[in-house]
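Undergrad: Sequence:
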Amino acid sequence: MNTVEGIGYLAASLVLATFCMKSMDALRLAAIASNMAFITYGYFGQLAPVLLLHALLLPINIYRLVESVSPDHPPSRRKRHVQGDTSIHQ
54 MNTVEGIGYL
64 AASLVLATFC
74 MKSMDALRLA
84 AIASNMAFIT
94 YGYFGQLAPV
104 LLLHALLLPI
114 NIYRLVESVS
124 PDHPPSRRKR
134 HVQGDTSIHQ
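All residue numbers for the sequence shown refer to my numbering, where the first residue is 54 and numbers rise by one.
Be aware that one or more of the hints could be misleading.
Unchecked claim - Computed Cβ-Cβ distance ranges for the label pairs, DEER-style:
| hint | residue 1 | residue 2 | range |
| --- | --- | --- | --- |
| 1 | 68 | 119 | 36 to 46 Å |
| 2 | 122 | 97 | 13 to 23 Å |
| 3 | 54 | 120 | 33 to 43 Å |
| 4 | 59 | 124 | 34 to 44 Å |
| 5 | 125 | 57 | 38 to 48 Å |
| 6 | 121 | 56 | 12 to 22 Å |
Note that these hints are calculated values from the structure, not bench results. Beta carbons: idealized from backbone N, C-alpha and C, even for Gly.
Using the sequences and the accompanying hints, generate a full structural model.
TA: In structure tokens:
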């Protein structure tokens with residue numbers, strides 16, 4: 054296995070880790086790390102679709118993470134989930 058393949062496996066492992074997260078903040082952090090690893094993999098592996106996808110997803114994940122930890126963030130589904138409401142409707 055070469056370095057580029059190793060970065061690809063790391064990125065894939067980080068995606069898998071996101072499915073194991075219980076909190077949205079942890080999921081976003083793992084997704085951001087995954088995006089960065091996939092951007093590196095796509096660049097060095099000359100995989101334009103992978104690079105483009107994760108270059109687009111990275112700012113979205115950063116924005117959503119900042120939004121969720123912001124003190125001005127309205128308590129939407131996060132608060133209801135803590136209170137035990139499991140419905141998907143807002």
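Undergrad: Find the hints from earlier in the document that the structure breaks and name them by number, from lowest to highest.
TA: 1, 2, 6
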